[in-house]
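**Student:** What follows is the residue order along each chain.
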Amino acid sequence: MVDSQAAAPALEPGLDTFPRYLMHHAKLRPQHPAMREKEYGIWQSYSWAEVAENVCAIAAGLAELGFRRGDRLAIVGDNRPRLYWSIMACQCLGGIPVMMYQDAVAQEMTYVLQDAEVRFAVVEDQEQVDKMLEIAGETPLMERIIYEDQRGMRHYNDAQLLSLESLQTKGRLRLQSQPDFVDGEIAKGAFDDISVMLYTSGTTGKPKGVCQTHEAFITSARGAIQFDRLSEREDILSYLPMAWVGDHLFSFAQATVAGFTINCPESGETVMNDLREIGPTYYFAPPRVFENLLTQVMIRMEDAGALKRRLFSHFLEVAKGCGADILEGRPVPAMQRLQYWLGSLLIYGPLKNVLGMNRIRVAYTAGAAIGPELFLFYRSIGINLKQLYGQTETCAYVCLQPDGQIKLDSVGKPGPYVEVKIADNGEVLVKGPMLLKSYYKRPDATAEALNADGYFMTGDAGYFDEDGHLKIIDRAKDVGKTADGSMFAPNFLENKLKFFQHIKEAVTFGNGREFATAFINIDLEAVGNWAEKKGIPYSGYTDLASRDEVYGLIRECVEEVNADLAADPKMSGAQIRHFLILHKELDADDGELTRTRKVRRNFIADKYAVLIDAMFAGKARQFIETQVAYEDGRVGKVSADLRIDEARTFPAGASRQAA
Amino acid sequence: MDMTDSSQLAAAENSGRRRFGDIILDLQNISLSFGGVKALTDISFNVREHEIRSIIGPNGAGKSSMLNVINGVYYPQEGKVFYRGAERARMEPYMAARQGIARTFQNLALFKGMSVLDNIMTGRNLQMRSNIFLQALRIGPAQREELAHREQVERIIDFLEIQAYRKTPVGQLPYGLQKRVDLGRALALEPQMLLLDEPMAGMNVEEKQDMCRFILDVNDEFGTTIVLIEHDMGVVMDISDRVVVLDYGKKIGDGAPEEVRNNEDVISAYLGTKH
Chain V
1 MVDSQAAAPA LEPGLDTFPR YLMHHAKLRP QHPAMREKEY GIWQSYSWAE VAENVCAIAA
61 GLAELGFRRG DRLAIVGDNR PRLYWSIMAC QCLGGIPVMM YQDAVAQEMT YVLQDAEVRF
121 AVVEDQEQVD KMLEIAGETP LMERIIYEDQ RGMRHYNDAQ LLSLESLQTK GRLRLQSQPD
181 FVDGEIAKGA FDDISVMLYT SGTTGKPKGV CQTHEAFITS ARGAIQFDRL SEREDILSYL
241 PMAWVGDHLF SFAQATVAGF TINCPESGET VMNDLREIGP TYYFAPPRVF ENLLTQVMIR
301 MEDAGALKRR LFSHFLEVAK GCGADILEGR PVPAMQRLQY WLGSLLIYGP LKNVLGMNRI
361 RVAYTAGAAI GPELFLFYRS IGINLKQLYG QTETCAYVCL QPDGQIKLDS VGKPGPYVEV
421 KIADNGEVLV KGPMLLKSYY KRPDATAEAL NADGYFMTGD AGYFDEDGHL KIIDRAKDVG
481 KTADGSMFAP NFLENKLKFF QHIKEAVTFG NGREFATAFI NIDLEAVGNW AEKKGIPYSG
541 YTDLASRDEV YGLIRECVEE VNADLAADPK MSGAQIRHFL ILHKELDADD GELTRTRKVR
601 RNFIADKYAV LIDAMFAGKA RQFIETQVAY EDGRVGKVSA DLRIDEARTF PAGASRQAA
Chain A
1001 MDMTDSSQLA AAENSGRRRF GDIILDLQNI SLSFGGVKAL TDISFNVREH EIRSIIGPNG
1061 AGKSSMLNVI NGVYYPQEGK VFYRGAERAR MEPYMAARQG IARTFQNLAL FKGMSVLDNI
1121 MTGRNLQMRS NIFLQALRIG PAQREELAHR EQVERIIDFL EIQAYRKTPV GQLPYGLQKR
1181 VDLGRALALE PQMLLLDEPM AGMNVEEKQD MCRFILDVND EFGTTIVLIE HDMGVVMDIS
1241 DRVVVLDYGK KIGDGAPEEV RNNEDVISAY LGTKH
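Note that the protein sequences, when read in sequence, are chains V and A.
The first sequence: position 575 = 575 (this note's numbering), numbered continuously.
Heads up, this note's numbering is the position in the second sequence plus 1000, with the first residue counted as 1.
To be clear, the hints were calculated from the coordinates, so they are not data collected in a lab.
Derived lysine to aspartate or glutamate pairs resembling EDC-like cross-links, with alpha carbons at most 16 Å apart:
no.	chain 1	residue 1	chain 2	residue 2
1	V	Lys598	V	Glu585
2	V	Lys38	A	Asp1158
3	A	Lys1167	V	Glu277
4	A	Lys1080	A	Asp1042
Below, a sample of chain A positions facing chain V; criterion: calculated Cβ distance under 10 Å:
no.	residue
5	Asp1158
6	Gln1163
7	Arg1166
8	Arg1213
For the chain V half of the interface with chain A, some residues (derived, Cβ under 10 Å), not all of them:
no.	residue
9	Glu39
10	Tyr40
11	Thr270
Bear in mind the structure is a predicted one, so any value in this text is a computation, not a measurement.
Ideal placement from N, C-alpha and C gives every residue a C-beta, glycine not left out.
Starting from the given sequences, assemble the full structure and let the hints guide the process.
**Tutor:** Structure (structure tokens):
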């Protein structure tokens, strides 16, 4: 499926590297703010002309230290203008910035520094300098460490260290005698030079350095700019790690291409305040940020007066009814429109103001599944929140949700210049200029990720719906089939279940079976609250989990998921017929979860094989004895006679209302 | 920074990278009593410029009385106080402030209802020159002056890493942060000598580590001489250049942390028996 949106060519003539864009903006809009940073309580602005001057000084300074074309420059720190300048300076010299996570411990940094053979690093402050010095013995190639913040650095006399300020002084001196030095270096750059190296998180094996060219990120940035009609007037708050592909695209690449303003918060703790002060027009956050914001609002509303609470809940209902339709320009009856207008005046407007979201034109979320209620809440109060889908290897996005065509369960349409096709096994394949050039020094991994036709294999299973929207279902290797040929996607089912606040974890089974089954962990806090309100006594998790009322509560959730599945012709056969609530919480100490709290399905399937067999055999109860590891390392045994419940399933094609 | 780091740092600085100046404060044979109660008996010690000097001792040893003598709150019945070479006459505490001595309090003395920013701003009062009417109307020189002071206060906020609480009323902050604000207000005075009364009291380990780092940073960045009273021996030994030990109003030890740690009298005062 080739997309035809790509009207403009991928690159503009003369603007095929990031340094050329920088100089372009410095000439075209010298006084326009390129970056702001809150310091000493005031937003300090740097215009494009100032940024260009500073970048040239850093570049010349680096060259003085012996930085050559193709050298790697490690960049470590919070989002700071000077670190963004260092990226640009490095690119001016034809070097490759290697972005590193600032919260990594020293030992984790060693691998990246060794792998990328880094000789120069620009770091934010004393904390990062200490880490670099700590591992100096293992990184013998390192020659110079340049630090931005002088605080606490007075007594460091390591010969490797140099402040960014003195580096710039060195550079300016060089530029006095050789004013066109940096321009000459920029002229040597080419569109297919590597512009940045971003390390993948490495959940499987060692992290890999993804090499992206100028062309890749510029195309990607231009694609998204066209897609959402962004201009130089946007404001974005850069607060997500600089080493993450999302920040590199949204803050660095798009801002440098479109010429809009990057705003750096004062510190990690002040982000919410800074967000309010800046009022960005373009915003990105992972789902948990949106979730935290909503929770904070709800908690504060609980403490508000009765009148305010009633107004709030009334207008939220109004917004739920018609907010999303108004946002997407669909017809809405005049009475509802009037109500919504009133709501904007009294509730939504002030609320958006408090959240710092009243100027937002476009907001994106990605990185994890976002709950439909959460997503709809923001859209209903008039915030144009959308989802995207992509990887580090594709410059952050492959698909974006177009304005006015938001579907909860799809990630939208392929962006401009992106070609997406579905392989025979259901895997999503991507092609286009935004693909990675290679993994650094890993031809084996590169060959594994790119197939013979030049498609990047995402490892995700998905399909296009009738409107051409991509639906991502699961990791391709996890997807199976039920006996009747329906697609069985365990993660997809589990996510659907976990969106219910009463369900904390779910594990589903069904590959090669006639139907699907599920283990459920209830959320002790949420279900506990619910039980208290209902006056149901309980002594602890195990007791609560075995209550009939709780089984009833969970059955409703499972049936709702089944109704959803029935509506999807591809998955209607994979409805959950039997489920049980586990007598213990899944725990990383018992090996059931990874340390990042992902379920280890195969391990669980082995450990609880008796229960799974019983579910598929349709038994009503099953006895099980399992080992548990206590936090002090002792091992004990728990046994339980678990009840297995049956949930209603629905005929294929039945809509939700009919159910 | 963890504790081992700070101790290494202190050790490194003791090894002579930092320059100590002349004696800035000299206390000679100080005795102080309240009625029949002798709080301090014949105590002599001095403080050199740029050093971190600690006064330790068990409860009721006379530490706070000693600090109050330095601060000019109490005037000793016997003995002499030389500050910057001049003998000090009886005086009011505000005169100590004018001479460049600032302090923090064991039981915080902040304005709970005022914001962090305003609390630290009060520390600048002494430096404000325009009169109260101009200040109230915020016109002319008063506004320029306020801007300059605000900038100074912002630097302190940045230094103490409390940007996130700038506008928060102090009463809503956790105790450890209130202590930091208290320190900020003392710093706003741009003192030459900073008296800290149990800066670590009631803090958890992490807050203590933070406070240690700030004390070392203040001393290092601004060259401020610091006299501190502290209960927590570990902390004191890690960050001090020299330590005075008091017990029942008498001096029982004085010197570098290592010497004091091995001093028999100090051990028995703290542990109650000789080993």
